[in-house]
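Single-letter residue listing:
Protein chains: 2
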Amino acid sequence: MVEEKIAKELRAIAGGDGYLDSREDLLNYSYDSSVDEAMPDAVVLPNSTEQISKIMKIADREKIPVIARGAGTNLSGGSIAVKGGIVIALTRMNAIKEFSKENRYAIVEAGLVNLDFQNYAMKQGLFFPPDPSSWAVATIGGNIAENAGGPRGVKYGVTRDWILGLKAVLADGTVIQTGGVTFKNVTGVDLTSLFCGSEGLLGIVTEATLKLLPLPPFKQSLQVFYPKIDDASKTVARIIGSGIVPVALELMDRVVINVVEDAKKIGLPKDVAAMLLVMVDGIESECRNQVRLIEQICKEEGASRVAIAENETQEEALWLGRRSALGCMSQLRPNCLLEDVTVPVSNLPVMIKGIYEIATKYNLTIGVMAHAGDGNTHPMIVTDKRDKEEWERAEKAIGDIFKLAVDLGGTLSGEHGVGISKKPFMNLIYGEAEFRVLKDLKKVLDPNGILNPGKIM
Amino acid sequence: MVEEKIAKELRAIAGGDGYLDSREDLLNYSYDSSVDEAMPDAVVLPNSTEQISKIMKIADREKIPVIARGAGTNLSGGSIAVKGGIVIALTRMNAIKEFSKENRYAIVEAGLVNLDFQNYAMKQGLFFPPDPSSWAVATIGGNIAENAGGPRGVKYGVTRDWILGLKAVLADGTVIQTGGVTFKNVTGVDLTSLFCGSEGLLGIVTEATLKLLPLPPFKQSLQVFYPKIDDASKTVARIIGSGIVPVALELMDRVVINVVEDAKKIGLPKDVAAMLLVMVDGIESECRNQVRLIEQICKEEGASRVAIAENETQEEALWLGRRSALGCMSQLRPNCLLEDVTVPVSNLPVMIKGIYEIATKYNLTIGVMAHAGDGNTHPMIVTDKRDKEEWERAEKAIGDIFKLAVDLGGTLSGEHGVGISKKPFMNLIYGEAEFRVLKDLKKVLDPNGILNPGKIM
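Residue numbers (our numbering), protein chains in the order written: chain B, 1432 to 1888; chain V, 1432 to 1888.
A couple of the hints might just be wrong.
Copies of the same chain are indistinguishable here, so a pair counts whether it falls within one copy or spans any two.
Straight line, CA to CA, 25 angstroms or less: simulated BS3-like cross-link-like pairs of lysine-lysine [unchecked claim]:
no., residue 1, residue 2
1, LYS1665, LYS1554
2, LYS1665, LYS1532
3, LYS1665, LYS1642
4, LYS1532, LYS1586
5, LYS1874, LYS1494
6, LYS1494, LYS1514
7, LYS1439, LYS1485
8, LYS1784, LYS1532
9, LYS1730, LYS1532
10, LYS1586, LYS1642
11, LYS1554, LYS1874
12, LYS1695, LYS1784
13, LYS1514, LYS1485
14, LYS1870, LYS1494
15, LYS1554, LYS1586
16, LYS1665, LYS1650
Keep in mind that the hints were calculated from the coordinates and are not lab data.
Next up, chain B with everything else stripped away, as it sits in the complex:
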């Protein structure tokens, strides 16, 4: 519990309805989309950067941990209050403060929901490329803290690529403004990128300047089925190697297809080994050319069926299975461990084969989805944390998966972040020197170690 004297100070800043500390309220902020849980001591819902600055001054003075949080769609435990403390929920700060159509940027508050912004921008003929699968609820601030990716990352990259500047509150309450509104800007050191993906360890992002793109005039998707998964992943490597840059290139394996079909009855064939979803965008004639070329590659690599969407309704139908996948897998058993190891695309076939061997070795059900065009692989282990013996096998399997990814030239996380869940494996990537730099940066920006303690390192 937060001492009453401090609670009073926090209430004075955020207002009575901006401070929560009943057990019921705290429970709502005790988990995110990972498997981890921990109770915070209090939740504050500020309305402004100034309020957050004041809260940080108190927290720093009292050495109370602070965890910034958006919608809690985080998959690596990054928003869990592992050491208790104050959760600052940014959901009330959701304004679009500035929108320049002619200069293609917007300044928004961190608590704005990604999809709400997309809908707004779309009306102006623009879009913000980052599209995490959780975008219907995930906030821009959360996207930035995790440097979130999404299906269209193959063509458009990740969140950091689209952030021009940030307003952030440091551990001691200092407010800084990084970057600006121009697309080119090398005035001073790139503090913007340092905060993107820093998982709340270095400061709390309260506002962001987003770089936008014109909406492409046309898009078209293919849904492709394979009797052999190896042929599907070879297709991915061949498409990427061919020079085509699709918007999205997604893979779902037999396990996931079957789970989705059982739950949704959308007509997916249950006897195939894998499905690819490929989307291209741009001008219509170019898209149609690319689709033809992709179809040819798919068939040459052994696809048994290729469906091409000819209108928006068909587009939606093709993507429905992919969109439902995590939800359906999560309903299968009490826990679904979703990882996001990333390997060079040419190693995707070996990575997927390796995941199946690991599933067999530990007698586990592992479904595989992938933002395959990026080599960003999502093995999903459905399990039950209460079954201690099975849980141990699942944890061992994850360790093996991480080691395999690194052996294949890859990395632990493409888009979900390290948080709690990948912390034990950070030494596969960071050596003593890299840890020292990270600790030094943390120490100098947050000397009392109050910002999201217990994460990454």
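Given the coordinates of chain B, assemble chain V onto it according to the supplied hints.
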């Protein structure tokens, strides 16, 4: 001078021909492409990261300044040894260590010349988007240190957008590896971006992992002349606002056109107020559509002549004037002060008008070039540093230009960096809080302050 005891140690590391300290040799490393000059005490030409690590250990122990340097094409004085010390020239480290066509990345040493790499990559059907105008000599390491831009930045962004990972040597000789080879990677904090554009203040980049793109199959350029410069800059804002994303959108004003035509006799009309160069790339039909649309916008905005390149020879001819511009301007008088203020594109007309008013106010010749599609404006003041009174006027004019850019929502530097030349104006952008963060980062990574002292802050 470096003490003989230390010189001996450095010679033992880099070899006899890898250590220079004669006055003639030092003079070669006393300047870059800015107007500043200062003599280093020694120059070391290492062959490996390990050698640089050893050099740094000595420099840190002895508290000797170290300035890393590529080809010295820097325009803001970033490679000048303002406090003496050791210049580490990376030009011998120019290997392409790994090239993956299928996964579209390359690992190269920092001293590799940008254009040498482009030529290599082109043979594999790929390219590295950053194209600073100095690319025929500028090194990848220099591009990274300055986060260099170039004409095709409008579509493809700047150096940082294409760096997947770095090997860097810290002030104390520690070697760190950031990032990896995958396009998506959020394992740990983004140290890669922190080093990109840090102008040698935080560490010395020795190797970089570059992200590559497939070569577009077609490109086409337009050369457009205007009787009124305002119409040219309005065209720029309209093209960008229309949703077309050209590769390059360059502007040259009457002053520059006349200087280039006098020097090169390439048939540029001397009575126009401005020239635009626009390039699009992609598939041929799309390019031709875009060119038609751009031509229409240009004519509607008052263009007096539009030339469209129909083959590679014509492409080269159209771009020749732009490529020669800085060289021709520099030959006009002893000094050419080239700045790179950047404003939102919609403010480009006001920025250019303001520059002309400043030229009149201080009775100076200022030519204007711009990567106009980015709002990245290059006012070029031709002057003579030896004429104290004129030099003072030039310096005042630069101050006014910086203030105007910031008033218009812009920034000091789009691609050249701060170095020495923009240091006095940093407080237009950084407040106390941002300076404190920068100083803190510097202090923790370089406690003895030996890395490129006297720059940025």
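Taking the hints in turn, this is what the structure says about them:
In this homomeric assembly, LYS1665 and LYS1554 come within 25 angstroms of each other (Cα to Cα) only across copies, at 24 angstroms, whereas the closest approach inside a single copy is 39 angstroms. In the homo-oligomer, the alpha carbons of LYS1665 and LYS1532 lie at most 25 angstroms apart only across protomers (15 angstroms), although the nearest pairing inside one protomer, at 41 angstroms, exceeds that limit. In this assembly of identical chains, LYS1665 and LYS1642 lie within 25 angstroms of each other by CA distance solely across copies; the values are 21 angstroms between and 34 angstroms within a copy. For the homomeric pair LYS1532 and LYS1586, the shortest alpha-carbon distances inside one copy (22 angstroms) and between copies (17 angstroms) are both at most 25 angstroms.
When the C-alpha separation of LYS1874 and LYS1494 is checked against a cutoff of 25 angstroms, the pair qualifies both within a copy, at 14 angstroms, and between copies, at 24 angstroms. In this assembly of identical chains, the alpha carbons of LYS1494 and LYS1514 lie at most 25 angstroms apart only when taken from the same copy (12 angstroms versus 41 angstroms across copies). In this assembly of identical chains, LYS1439 and LYS1485 lie within 25 angstroms of each other by CA distance solely inside one copy; the values are 13 angstroms within and 56 angstroms between copies. With identical chains, the CA atoms of LYS1784 and LYS1532 are at most 25 angstroms apart between copies only, with a shortest distance of 23 angstroms across copies and 47 angstroms within one.
Taking the shortest alpha-carbon separations for LYS1730 and LYS1532, only the inter-copy value of 23 angstroms comes in at or below 25 angstroms, while the best intra-copy value is 42 angstroms. Proximity of LYS1586 and LYS1642 under a CA criterion of 25 angstroms is satisfied in both settings, with 15 angstroms inside one chain copy and 13 angstroms between copies. Within a single copy, LYS1554 and LYS1874 get their C-alpha atoms no closer than 44 angstroms, and across copies no closer than 47 angstroms, so neither meets the 25 angstroms cut-off. In this homomeric assembly, LYS1695 and LYS1784 never come within 25 angstroms of each other (Cα to Cα): the closest approach is 27 angstroms inside a single copy and 62 angstroms across copies.
Taking the closest pair of Cα atoms, LYS1514 and LYS1485 come within 25 angstroms of each other only inside a single copy of the chain (21 angstroms); across copies the shortest separation is 41 angstroms, beyond that limit. In this assembly of identical chains, the alpha carbons of LYS1870 and LYS1494 lie at most 25 angstroms apart whether taken from the same copy (18 angstroms) or from different copies (24 angstroms). Taking identical chains as interchangeable, the C-alpha atoms of LYS1554 and LYS1586 lie at most 25 angstroms apart whether they share a chain (22 angstroms) or sit on different chains (23 angstroms). In this assembly of identical chains, the alpha carbons of LYS1665 and LYS1650 lie at most 25 angstroms apart only when taken from the same copy (24 angstroms versus 31 angstroms across copies).
When held up to the earlier numbered hints, the structure conflicts with 11, 12 and fits the remainder.
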